[in-house]
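Chemist: Chains as they are written, first to last, in numbering that gives the first Met the number 0: chain B, 0 to 345; chain V, 0 to 320.
Be a bit skeptical, because a hint or two may be false.
[Stated by the list, open to error] Here are the simulated distance ranges between beta carbons:
no., chain 1, residue 1, chain 2, residue 2, range
1, B, Ala206, V, Val105, 37 to 47 Å
2, V, Gly58, B, Val58, 29 to 39 Å
3, B, Ile289, V, Leu97, 33 to 43 Å
4, B, Gly73, V, Gly268, 40 to 50 Å
5, V, Leu2, B, Arg147, 21 to 31 Å
6, V, Ala140, B, Ile48, 17 to 27 Å
7, B, Ala74, V, His69, 52 to 62 Å
8, V, Glu87, B, Pro214, 27 to 37 Å
By construction, these hints were calculated from the structure, which means they are not laboratory data.
All C-beta atoms in this analysis are idealised placements derived from N, C-alpha and C, irrespective of residue type, glycine included.
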Amino acid sequence: MSVTELEFQASVVEAAPEQAIEGRSQWQLTWRRLRHDKMAVASIVVILIMTVLALLAPVFAAVLHHGEYQAFTGAGLSSAGIPVGPGTHGFPLGTDYVGRDLLVRILYGARISLFVGISTTLMATVAGVGMGLVAGYFGGHVDTVLARFADVVLAFPILVLALALAAIYGPSLLIVLGVITFFSWAGIFRIVRGQTLSVKEKEYIEAARSLGAGPWRIMFIDILPNLLGPVLVLATLYIPTAVVFEATLSFLGIGIPAPTPSWGVILSEAQNYYQVAWWYVVFPALALLITTLAFNLLGDGIRDAMDPRTERLFAARGNRRQRRTRKARPAGPDALPPLTVSELGE
Amino acid sequence: MALTRFLIRRILTGIVVLWVVATATFFLFFFRPVDSVARQLAGRAASPQVINEVIRRLGLDQPILVQYWHFLGNIVHGNLGYSYYNGEPVKTIIAQDLPITASVVVGAMVLWLVVGLLVGILSATRARSTFDRVSTVGVLAGLSMPTFVLGELLIIAVFVPLNQHGFSWIQTGYAPLSEGLIPWMGHMILPWITLAAVQAAVYTRLSRGSLIDTLGEDYIRTARSKGMSERRVVYRHGLRAALTPVVSQLGIDIGVLLGGVLVVEQVFGLSGLGQDSVQAIDTGNLPVILGFVLVASLFVVVANIIVDAAYALLDPRVRIS
Chain B
0 MSVTELEFQA SVVEAAPEQA IEGRSQWQLT WRRLRHDKMA VASIVVILIM TVLALLAPVF
60 AAVLHHGEYQ AFTGAGLSSA GIPVGPGTHG FPLGTDYVGR DLLVRILYGA RISLFVGIST
120 TLMATVAGVG MGLVAGYFGG HVDTVLARFA DVVLAFPILV LALALAAIYG PSLLIVLGVI
180 TFFSWAGIFR IVRGQTLSVK EKEYIEAARS LGAGPWRIMF IDILPNLLGP VLVLATLYIP
240 TAVVFEATLS FLGIGIPAPT PSWGVILSEA QNYYQVAWWY VVFPALALLI TTLAFNLLGD
300 GIRDAMDPRT ERLFAARGNR RQRRTRKARP AGPDALPPLT VSELGE
Chain V
0 MALTRFLIRR ILTGIVVLWV VATATFFLFF FRPVDSVARQ LAGRAASPQV INEVIRRLGL
60 DQPILVQYWH FLGNIVHGNL GYSYYNGEPV KTIIAQDLPI TASVVVGAMV LWLVVGLLVG
120 ILSATRARST FDRVSTVGVL AGLSMPTFVL GELLIIAVFV PLNQHGFSWI QTGYAPLSEG
180 LIPWMGHMIL PWITLAAVQA AVYTRLSRGS LIDTLGEDYI RTARSKGMSE RRVVYRHGLR
240 AALTPVVSQL GIDIGVLLGG VLVVEQVFGL SGLGQDSVQA IDTGNLPVIL GFVLVASLFV
300 VVANIIVDAA YALLDPRVRI S
């Protein structure tokens with residue numbers, strides 16, 4: 000998913016007018032809507048399961064007596080030296096090319112994927128929000144420099160830089176984290192900067208300033224809460240992008256160095272065995288796909304839940320299950336538009 | 000007149016961009032220690048004298064600015080330099096690789112534009128129908144699928160079983176067009192699908208959203224109330240305006256595409272620009288890397304000029320300037 004696509008989706012949310020109904024905060028409303036979205040709930044469950052499995056990786060390794068790096072050249076390989084299939088000799092998902100337990104390696108791989116996905120997104124979000132607020136609030140030269148910098152970052156062929164760094168310094172986790180973070184903050188920066196530019200002209204900001212609030216207080220206490228919605232959506236959608244990015248880098252041999260069990264590393268090793276060991280490719284691929292799909296679905300769900308117009312769509316459809324949320328809205332003449340912009344990002 | 004001025008200005012900017020990219024790449028790679036290249040060339044057991052001789056012959060002993068000046072001078076004369084390893088002109092390597100990479104890129108682009116726009120238009124005109132729901136799920140799956148995983152899965156699920164059953168049209172590797180259209184397509188079809196899938200999902204989503212948005216505009220209502228046929232309203236009035244964000248996305252994606260080519264060539268064993276540049280980076284073959292980066296940037300610059308011109312043709316509100 001490209002950065003513009005993400006911004007596009009986030010801009011749909013940011014365009015949504017603020018709605019406050021009977022003292023229920025926007026976050027409470029969002030949560031209520033999210034709870035009724037079956038796909039979003041399912042994706043939260045999948046993400047939680049994946050996280051628990053990743054955390055329990057050492058437990059699985061201990062119970063199976065199969066370490067993540069432990070090669071079982073006897074039981075783990077057939078007499079022809081080919082990996083054994085799922086279920087044979089106590090390997091639930093089979094083995095890899097040197098006879099290591101594929102399940103244990105996939106579970107350890109989940110730790111790396113989730114860690115890279117979440118930590119780079121967090122760093123990129125903090126950097127993007129911070130710089131976006133500063134650029135949007137102070138304007139002038141600061142803004143020009145930061146905005147140009149972001150443009151350059153967005154236009155740069157990312158993979159080429161990753162290749163170059165890996166060639167110079169050798170592949171490592173640190174380079175992966177650095178490259179992904181470096182290319183992720185710019186999208187968040189643009190959204191935050193644009194929003195700050197418009198919010199800072201509002202009367203309540205002027206009021207805060209006339210009461211003696213300093214620029215940092217205004218930025219982080221008065222402006223920031225307005226931007227959390229689009230930032231949250233964008234960040235959720237960045238996690239799967241980062242997970243895929245790490246896997247791709249590792250697959251090309253410029254990400255996490257083997258033998259560390261990253262999903263990209265496993266899939267890269269499996270490349271030469273697809274004719275004889277389907278499980279070697281299919282299971283890590285499935286793990287990757289399920290994880291990214293869950294985060295994408297959750298991001299879409301949060302975006303829809305944050306958009307007050309989603310309710311109207313449900314109402315227009317006469318969906319009975321949505322009636323409870325529909326009650327919250329007064330039935331005005333504009334309550335039933337045929338189609339709205341919130342359809343855009345579906 | 001306006002078009003000529005636009006073209007001249009864009010070409011001049013393009014040259015500046017190419018210069019910046021070439022310079023940045025040159026200096027980025029120059030931080031690699033020079034003797035690592037020489038050591039690989041001369042062999043592990045080479046004496047320091049031999050290594051110094053190799054460094055001298057490649058011109059790597061000269062000050063960096065002299066080397067840089069030499070490099071720029073050569074480019075102006077149409078010489079992209081020679082591979083460190085076998086002395087082959089970089090131009091020859093590019094000429095060999097370009098048809099392969101172009102086959103992958105152009106075919107995939109046609110595929111994803113056709114699929115993306117078609118599905119997007121059909122979903123937009125039948126919003127919330129079963130077709131729309133199915134396509135929405137498909138879009139999400141496409142967006143979540145890493146390119147290399149799709150490539151691997153296609154090899155396992157399509158290439159291997161088909162070839163085991165004697166159906167050998169679909170192949171990996173490359174067959175030049177001169178061997179005929181059918182074999183060429185057989186080699187290209189899996190790379191095309193792999194590269195196009197993610198992008199088709201992006202374009203479906205984009206064109207669907209854009210068209211739904213456009214069809215809500217007042218002038219569409221006017222067109223309908225004039226009694227114009229629905230088909231004409233959608234395709235003549237709606238689509239034209241709805242295509243503008245799609246076209247500008249295309250300009251951005253051309254850069255992204257280069258990364259995708261790298262992965263696809265790796266998975267399907269195509270020795271095009273992508274695979275050879277990975278190899279060149281691995282071995283520190285600076286002239287080859289620089290040549291490839293320049294060709295890639297040239298491609299991006301030219302494509303963006305075309306996209307911007309197309310943008311102005313599609314949307315009368317945009318003026319070429």
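Chemist: Is it true that the C-beta distance of leucine 2 of chain V to arginine 147 of chain B lies inside 21 to 31 Å, as the hint says?
Modeler: holds (28 Å)
Chemist: Has the hinted range 33 to 43 Å been met by the Cβ atoms of isoleucine 289 of chain B and leucine 97 of chain V?
Modeler: Given about 38 Å between the Cβ atoms, the range holds.
Chemist: Can you tell me whether the CB distance of glycine 58 of chain V to valine 58 of chain B sits inside 29 to 39 Å?
Modeler: Violated, since glycine 58 of chain V and valine 58 of chain B (Cβ atoms, about 58 Å apart) do not stay within the stated range.
Chemist: Is 52 to 62 Å respected by the C-beta to C-beta distance linking alanine 74 of chain B and histidine 69 of chain V?
Modeler: holds (60 Å)
Chemist: Just tell me: holds or violated, for the beta carbon distance of glycine 73 of chain B and glycine 268 of chain V against 40 to 50 Å?
Modeler: Given range 40 to 50 Å: violated, Cβ gap about 33 Å.
Chemist: Between the beta carbons of alanine 206 of chain B and valine 105 of chain V, is the distance compatible with 37 to 47 Å?
Modeler: violated (58 Å)
Chemist: Honestly, do alanine 140 of chain V and isoleucine 48 of chain B meet the 17 to 27 Å range at C-beta?
Modeler: holds (19 Å)
Chemist: Against the range 27 to 37 Å, how does the distance between the Cβ atoms of glutamate 87 of chain V and proline 214 of chain B compare: consistent or not?
Modeler: For proline 214 of chain B against glutamate 87 of chain V, whose Cβ atoms are near 59 Å apart, the range 27 to 37 Å is violated.
In terms of the numbered hints stated before, the structure departs from hints 1, 2, 4, 8, listed from lowest to highest.
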